[in-house]
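S.K.: Sequence:
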Amino acid sequence: SPRRAKRAFVLCLDGFGFKEFAMSERFRGLYPHFGTWITSVFPSITSCALSSLYQALPPARHGITGHYVWKDSPGGVVDMLKMQVDGARWPLSAAGFDVQTWKREPGILESRVPEGLPGYQLMHYAIVNSGLSTYSYGKANIVGFSETLEGFTKAGKILRDIPTGWVGLYLATVDTLSHALTGDSPQVGLAVRQIEES
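The sequence shown begins at 16 in the working numbering and counts up by one.
Watch out, some of these pointers could steer you wrong.
What the hints assert, rightly or not - Straight-line distance between alpha carbons at most 20 Å, and here's what the computed SDA-like set of lysine to any residue pairs gives:
1) K169 to V100
2) K172 to E211
3) K34 to E211
4) K97 to L45
5) K21 to K118
6) K86 to A103
7) K86 to G102
8) K154 to E211
9) K118 to L68
10) K154 to A64
11) K118 to V100
12) K118 to S59
13) K172 to G159
14) K34 to K154
15) K34 to A20
16) K154 to A23
Calculated directly from the structure, the hints in this document are not laboratory data.
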């Protein structure tokens, strides 16, 4: 980017598409000044898209090409969100398997970030250090939170405390509701407004 910044904030709203964007007020207001459209990877599912976003690599190069993928090692079909062989009781990490060996090349957070530049990725406690979170975020410090407002509060504090670095905040609320309901349901709109207020 031509912009020079000492600190960056990356807000990732999983499942936030055109319908959800239309329900927002603040995000639509920010778009003319700061926004740009990007094209997602294919398939545009969480495991592929988040890995591409945080590693600056397409799926063929970061190694996650779908939600369920056959991997010769460990020799089974793996659920890429959980990093768990389909039907297994425990994730691969519990068996001592290093999923990082699947990467065909290091991502941007592992190869291009200067040593000592702080990076923090915030996510709900339910997914901290589990599944995909162990694969995508490079050397970032992983921080958990329980509620959306707590996540934003922690992100704001970290941003104020570090002189340089980046902070990412991942929210799955919109995606979770969209799977249970539809993208244009009033509940999704309420969740979007709660995120905007936070």
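S.K.: Hints the structure violates: just list their numbers, smallest first.
M.R.: The structure conflicts with hints 1, 4, 5, 8, 14, 15, although it agrees with all the remaining ones.
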